[in-house]
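*Asks:* Here is what each chain is made of, one letter per residue.
2 protein chains.
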Amino acid sequence: MNVTKLLAGRTAYMRASEIRELLKWATSDVISFGGGMPDPSTFPLEDIARIAAYVLENYGNKALQYGQTEGVPELRDELAKFSQSNGIKASAENIIVTVGSQEALELLGRLFLDEGSTIITENPTYIAALQSWRVYRPKIVGIPMDDNGMRTDILEKEVRRLKSEGANIKFIYTVPTAQNPMGVTMPDERRKHLLEIAEENDLLVVEDDPYGYFLFDNITVTRLKAMDRSGRVIYLSTASKIFSPGLRLGWVIAEPEIVRWFALGKQALNLNTPTLNQYMLLEGLRRGVIQRNIPKIVELYKKKRDAMLTALESYMPKGVTWTKPSGGMFIWVRVPEKIDTKEMLQVAITKYKVAYVPGHGFHVNEGEGRNTMRLNFTYSTFEQIDLGVRRLADTIREFL
Amino acid sequence: MNVTKLLAGRTAYMRASEIRELLKWATSDVISFGGGMPDPSTFPLEDIARIAAYVLENYGNKALQYGQTEGVPELRDELAKFSQSNGIKASAENIIVTVGSQEALELLGRLFLDEGSTIITENPTYIAALQSWRVYRPKIVGIPMDDNGMRTDILEKEVRRLKSEGANIKFIYTVPTAQNPMGVTMPDERRKHLLEIAEENDLLVVEDDPYGYFLFDNITVTRLKAMDRSGRVIYLSTASKIFSPGLRLGWVIAEPEIVRWFALGKQALNLNTPTLNQYMLLEGLRRGVIQRNIPKIVELYKKKRDAMLTALESYMPKGVTWTKPSGGMFIWVRVPEKIDTKEMLQVAITKYKVAYVPGHGFHVNEGEGRNTMRLNFTYSTFEQIDLGVRRLADTIREFL
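So the sequences go chain by chain: A and B. So the first sequence is numbered by full-length UniProt numbering: it starts at 1 and just counts up by one. So the second sequence is numbered by full-length UniProt numbering: it starts at 1 and just counts up by one.
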């Protein structure tokens, strides 16, 4: 039967994630800098096996039963403690556990976006956030980036302009630390400026913080949520990069009223985040497994970042530039304007056996960033990083 | 800050689930026939503990890493086999794994419903399906039920009427086996009639099948998907009632084209169903843990159904009637018209210490079913069933 004629109008705005499609191509002979996968050696596998056994032994059937939509109460308490150690004052009522941060992004769209609503993001920004929200057909206003993250001077002007035009600004979305895709981090001064702008204009700020746990080079920053005095920051984080992405665990920290709306939206999505997995995260935090894991991840990823920077320095032809990420998982590469990285990808994969994510999709407007790409430095081995960057350089040379 | 003014229009159509709210009230002194929780003694806890250890030992980091949106390939294969044993021809490409069946319901709304789209459901029908879909503002047409499920004679007339009015019918939703909330099962003859109507009018049919595994009294029926010759049935099932609800695992069986749309929709929700949990279900099926568990569940739930029927017979005042469920988890009770079960609930919980789900919410139209309620007979112990029904009878007597 003809299914297409039955599809809802919004399906026209659903786009296949280039990142997810890439995951499928990542066969053994292709070196993939696509995706955003952690190094599997960072998963505390033995601890997790012990924890799984303990949870099933001690929590028993509770870990296998339905649970509250907001999350397992003990985990919400434990996440509050963990957040406090990261400078954020929170208690259980501020927290809802989600199926990865992705679910929190979807819920933001569902709760706040009408057709024509305005949201403000960094440009480029996290591709899967854009893809979640585009289904709701908002106007997305992108703010340029520099090495210190979102240009808040431009943000200030844009907010003024949008307000004067009567725009209904729903929130400002930022990945302030080790930004995806650029890897840059916003210093505290600029964070303060961002919050001042939000305060003056009574705006919500969404702080997406998957990478705040691993900054290299002894940089320290304060989370926006830790500076939030008026409950206007909705904070998102995840266990995917510090424990295991396969458990699909994220959490939101916000005012209790916002948490209640998230719970109402989440009921329709999946009733509750898997209970067993929540107890596993609870134990991972209680035992300090995650807290002890973080410095090891930082050490490994710093080396991998350095390896990729060295390889880029060694192999890339003139005219190719890249960011020096302060943390996180990605390096952002700019190739000469004549190259369209989306067109180049097919050749990169099939001929040169190397994959990346074309940068265009991270941008807010059609046509932007066609000569950019995002490279992940965490998943590949050191050997693959060297060989893959060499292959990528060869690919670029063919297109110059 | 004032969050309310920023909320999207659709939030007005998000209603707190009465079932979920009930879960919170289920303190130790309240006997709850609300919710739809399995008896925790049916969770194969020791097998699950062995499986968790095996999965982490043998699949290792693969079980902790991101995975494909459609699901772990080995699990999709295994679910295809399991489906074949239930009469459904399917291969991996027909299957997508979801975070419980709830996610599949949400995705149906997301993929198919525009404002003003028409869907057809049983009346009463599964409350959480209605709640998922109402956010998309479709017209919902309810078809009356009798002891053999949806009245397909009325369905036929309604489809004709709707077609003549130019309605855009997106799908017919049915829980044909041990229906939620009524507990009744549609015989094969009526199933054939339903599919004939769908065939003649080129309609999609959604078969929601959480309870098809536990029919009591040696009734056998054929799944609609097993009778489907033209790929028009979208089949939903779940491991929640035969393995563990806390793992949040469901699956959809449909044409590959429909599976691809589900995957596209799911990417925005949570990227993939938790990988560890999928491997656990894989092993649960491979080892026959689930297959061996089902007859034990049938035996237990049949006894519990009988215990509740006996208690209803013993304690209920005249004028109260109920269904004799052929399977599943629920008995549907009708009290005299003067009683509003929603109003009565507060007294039932606070004074008599017994809870149920008021029937109104399962209905398609405002004002219907105010004198009905759904009782769950699987979660409570035999003692609680007897005592709880007695308490409920006392509550009803107070309101007569």
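These aren't lab readings, by the way, just hints derived from the structure by calculation. Note that this is a predicted model, so its numbers are computed, not measured. Any given hint might turn out to be false.
As the list makes no split between identical chains, a pair holds if one copy fits it or if it spans any two.
Only pairs whose alpha carbons sit at most 20 Å apart, straight line, appear in this in silico DMTMM-like list of lysine to aspartate or glutamate [said to hold, decoys possible]:
1) 5 - 255
2) 62 - 200
3) 5 - 114
4) 342 - 398
5) 192 - 306
6) 5 - 200
7) 342 - 74
8) 5 - 257
9) 139 - 366
10) 324 - 340
11) 5 - 199
12) 303 - 383
13) 338 - 115
14) 62 - 39
15) 163 - 114
16) 5 - 202
17) 62 - 29
18) 157 - 299
19) 157 - 343
20) 157 - 200
*Asks:* Run every hint past the structure and note whether it holds.
*Replies:* Hint check:
no. : hint      : in the structure
1   : 5 - 255   : between (42 Å within a copy, 15 Å between copies)
2   : 62 - 200  : neither (46 Å within a copy, 48 Å between copies)
3   : 5 - 114   : between (24 Å within a copy, 12 Å between copies)
4   : 342 - 398 : within (15 Å within a copy, 71 Å between copies)
5   : 192 - 306 : neither (30 Å within a copy, 65 Å between copies)
6   : 5 - 200   : between (47 Å within a copy, 17 Å between copies)
7   : 342 - 74  : neither (46 Å within a copy, 32 Å between copies)
8   : 5 - 257   : between (40 Å within a copy, 13 Å between copies)
9   : 139 - 366 : within (13 Å within a copy, 36 Å between copies)
10  : 324 - 340 : neither (22 Å within a copy, 66 Å between copies)
11  : 5 - 199   : between (46 Å within a copy, 16 Å between copies)
12  : 303 - 383 : within (12 Å within a copy, 62 Å between copies)
13  : 338 - 115 : neither (35 Å within a copy, 44 Å between copies)
14  : 62 - 39   : between (32 Å within a copy, 11 Å between copies)
15  : 163 - 114 : within (17 Å within a copy, 31 Å between copies)
16  : 5 - 202   : between (43 Å within a copy, 11 Å between copies)
17  : 62 - 29   : between (44 Å within a copy, 18 Å between copies)
18  : 157 - 299 : neither (39 Å within a copy, 69 Å between copies)
19  : 157 - 343 : neither (35 Å within a copy, 54 Å between copies)
20  : 157 - 200 : within (13 Å within a copy, 59 Å between copies)
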